[in-house]
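Working from the sequences, and respecting the hints, build out all of it.
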Amino acid sequence: MISIKNLHASIEGKSILNGINLEVKAGEVHAIMGPNGSGKSTLSSVLAGNEDYEITDGSVDFMGEDLLEFSTEERARMGIFLAFQYPIEIPGVSNMNFLRTAINETRESKGEEPIAAKEFLAMVKEKSALVELDNSLLKRYVNEGFSGGEKKRNEIFQMAMLEPKLAILDETDSGLDIDALKIVSHGVNTLKTKDNATIVITHYQRLLDYIVPDFVHVLYKGKIVKSGTKELALELEEKGYDWIKEEINA
Amino acid sequence: MSSTLTQNKVEEFVSHIAENKLAVWNELPSIRKSGLEALEELDFPTTKNEYWKYSRTNRISKHAYKFNPLTDVNIDLDSVRIKGLDTYEVVIVNGFLNKELSNLPSKDCIELKSFEDCSTEELRSYFSQNLDTISNIFSALNTAYFTDGILIHAKGKCDKPVHLIHYSEGTETISQPRNIFIADKHAELSIIKSSLNKNTSNFFYNSVNEFFIGENSHMNYYVIQNYEEGINVVSTNVATQEKNSTFSAFNYTLKGDWIRNNTNVFVKGENCESNLYGAYQPTGKEHIDNHTIMDHLMPNCESNEHYKGTVGDKATGVFNGKVFVRKDAQKINAFQSNNNILLSDDATMNSKPELEIYADDVKCSHGSTSGQLDEEAIFYLQSRGLSKESATALLIGAFLGEVVEKIEIPELKEAVLEMYGME
Ligand SMILES: Nc1ncnc2c1ncn2[C@@H]1O[C@H](COP(=O)(O)OP(=O)(O)OP(=O)(O)O)[C@@H](O)[C@H]1O
Ligand SMILES: [Mg+2]
Numbered sequence: 305m306i307s308i309k310n311l312h313a314s315i316e317g318k319s320i321l322n323g324i325n326l327e328v329k330a331g332e333v334h335a336i337m338g339p340n341g342s343g344k345s346t347l348s349s350v351l352a353g354n355e356d357y358e359i360t361d362g363s364v365d366f367m368g369e370d371l372l373e374f375s376t377e378e379r380a381r382m383g384i385f386l387a388f389q390y391p392i393e394i395p396g397v398s399n400m401n402f403l404r405t406a407i408n409e410t411r412e413s414k415g416e417e418p419i420a421a422k423e424f425l426a427m428v429k430e431k432s433a434l435v436e437l438d439n440s441l442l443k444r445y446v447n448e449g450f451s452g453g454e455k456k457r458n459e460i461f462q463m464a465m466l467e468p469k470l471a472i473l474d475e476t477d478s479g480l481d482i483d484a485l486k487i488v489s490h491g492v493n494t495l496k497t498k499d500n501a502t503i504v505i506t507h508y509q510r511l512l513d514y515i516v517p518d519f520v521h522v523l524y525k526g527k528i529v530k531s532g533t534k535e536l537a538l539e540l541e542e543k544g545y546d547w548i549k550e551e552i553n554a
Numbered sequence: 030m031s032s033t034l035t036q037n038k039v040e041e042f043v044s045h046i047a048e049n050k051l052a053v054w055n056e057l058p059s060i061r062k063s064g065l066e067a068l069e070e071l072d073f074p075t076t077k078n079e080y081w082k083y084s085r086t087n088r089i090s091k092h093a094y095k096f097n098p099l100t101d102v103n104i105d106l107d108s109v110r111i112k113g114l115d116t117y118e119v120v121i122v123n124g125f126l127n128k129e130l131s132n133l134p135s136k137d138c139i140e141l142k143s144f145e146d147c148s149t150e151e152l153r154s155y156f157s158q159n160l161d162t163i164s165n166i167f168s169a170l171n172t173a174y175f176t177d178g179i180l181i182h183a184k185g186k187c188d189k190p191v192h193l194i195h196y197s198e199g200t201e202t203i204s205q206p207r208n209i210f211i212a213d214k215h216a217e218l219s220i221i222k223s224s225l226n227k228n229t230s231n232f233f234y235n236s237v238n239e240f241f242i243g244e245n246s247h248m249n250y251y252v253i254q255n256y257e258e259g260i261n262v263v264s265t266n267v268a269t270q271e272k273n274s275t276f277s278a279f280n281y282t283l284k285g286d287w288i289r290n291n292t293n294v295f296v297k298g299e300n301c302e303s304n305l306y307g308a309y310q311p312t313g314k315e316h317i318d319n320h321t322i323m324d325h326l327m328p329n330c331e332s333n334e335h336y337k338g339t340v341g342d343k344a345t346g347v348f349n350g351k352v353f354v355r356k357d358a359q360k361i362n363a364f365q366s367n368n369n370i371l372l373s374d375d376a377t378m379n380s381k382p383e384l385e386i387y388a389d390d391v392k393c394s395h396g397s398t399s400g401q402l403d404e405e406a407i408f409y410l411q412s413r414g415l416s417k418e419s420a421t422a423l424l425i426g427a428f429l430g431e432v433v434e435k436i437e438i439p440e441l442k443e444a445v446l447e448m449y450g451m452e
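Protein chains in written order, with our numbering: chain H, 305 to 554; chain W, 30 to 452.
Heads up, none of these hints are tricks.
With the Cβ distance kept under 8 Å, some of the chain W side facing chain H (calculated, not the full set): (1) E405; (2) F408; (3) Q411; (4) S412; (5) R413; (6) G414; (7) L415; (8) S416; (9) S419; (10) L423; (11) A427; (12) F428; (13) G430; (14) E431.
Covered stretches of chain H (in silico footprint by chain W; criterion: 3 or more residues with CB under 8 Å from a CB of chain W, positions within the stretch not fixed): (15) 344–357; (16) 369–378; (17) 387–395; (18) 401–411.
Think of the hints as simulated: they come from the structure by calculation, not from any bench. Just so it is clear, CB atoms sit at the ideal spot from N, CA and C, and this is done for glycine as well.
Following this line, the structure appears as structure tokens:
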């Protein structure tokens, strides 16, 4: 589905990603872990098309296309979805209005008819139930005044509405209470098919009990320095990152 | 020396517009005379004049205009009608009231009359009572050569809003409508003013509206400016409020080559509420200028003023809001703010909020901000599949929406939101 090769990216002349290699196939779940500041969110932003970052080297192939050639909205319409680590508040723009516009523009780009009002509402009802997102929140402005956990649920709700091919969940678990963690994980698992893929970025093994990864990667100083199966996450939980840092710096 | 030169400019301007020998010139001679006399002393303002610092009137003064009371017109009134809203519709064509297209009720709650159907006494008790025609050439021009007008007299709680539709058409044509709005004691009235123009080039629309807000009355005045190209607009609104009254003026400028709005409110009674809301969004080379005066002469009143705008391309926005709190006006709450978003590097916004307070027990605040659209928000929306244009439009809508939400007539609010592409 996605094949990242030797990806380098920098911001304001500072190099953040230093040669990322990652291959994710349809039907797979990959977890990316790594110390604070190692470049996990940067990788997500770069894949979503944030132009603040300059790509200095490397390539990204997404379902046969050269992903880096496309704008943010084109990538979204191709099926890339990023659940932000810090979803921003957009006062004055209602959740429902913006989601309907998002769906319709995606449809239009594929030559499809806009979604019927009834169908849209039915979809909202179904998908919000999936992540148990209070319907009153949907009528409000995007994330404005939402609690931390509500913002994260709203991200997964949007993911459910947009049905992406590749979902990147950047620390979706942080800020969720134990029950919410189960609900959101259940949502993510329900949306999983053999045709889509998920990258979960997290600091905690706990999430991976619910969203079980096929592979776990450790990102450090802008590089994937270790990859393994879900047992790697358990090892990290127990030992932290020092042993990996030592391996690298040795 | 230079004064005779410029005097000739006004004289020349006037000689052209006075060429039309309109019957109305003989009406209300004493009132017109005050305007004519004022014109003898006045000059077209230059940008050295503080009040016109950012708006050049040369584009208006350099043309030779004629009046043109179009008789045979085909106006697409449906394009400005408000869906689902029943109104008393009044159609004014190039400054002349079109009685056939208008609905002029004479009821217990409201009376609408053309000036020619008013007695001189009736007119004289209101006309220019609010207005200082001496200092502003455009209101003096209107006072001397207004073509026609209507008097809207609310006597009670009005059953439906009045919808004024001003239609303009022609080349180097001038339109000088004059309207008087009166709310008697305890009356309630909403007025909506829409504009329509077709085949205009170097058209000059110069209107003056006077508002008399009586004791315990409530008047809302909604203006929607959505002009096609080829028209320059100077619109002057002057209101006086008596005690316990509420007056709200809403100004939504969607489109227009060159517009100058003057909205001045004088609060002459206690316990009044005054609201001034406005939104503008010039693009291209448009020039939109809003000047307001909020003058508190009496104690225990409140005023809220909020103007918001986005300025794109090479367009210019101007906001100048003066709030006066006079010596005897204690216990005043006066709020004013002007927020702007600049959408391009070539866009200009001149914002000048001014506060002059002569009383000591007052609560006032004023402020002005200019910023850019939130890039992070645009990225967020794009990452969900919205084009940059839609994302920008949504954010602009969200920004300007705050003052559109103030509209108190649901059908009108809906219609204006739709004009802005919001829902
Ligand atoms: N806009 C920016 N300007 C300057 N430095 C930046 C910018 N964005 C990211 N960085 C830097 O890049 C590095 C990687 O940041 P990033 O947010 O990708 O880390 P992360 O792995 O997601 O960390 P965390 O676990 O804390 O979320 C950090 O050192 C950060 O300060
Ligand atoms: Mg991060």
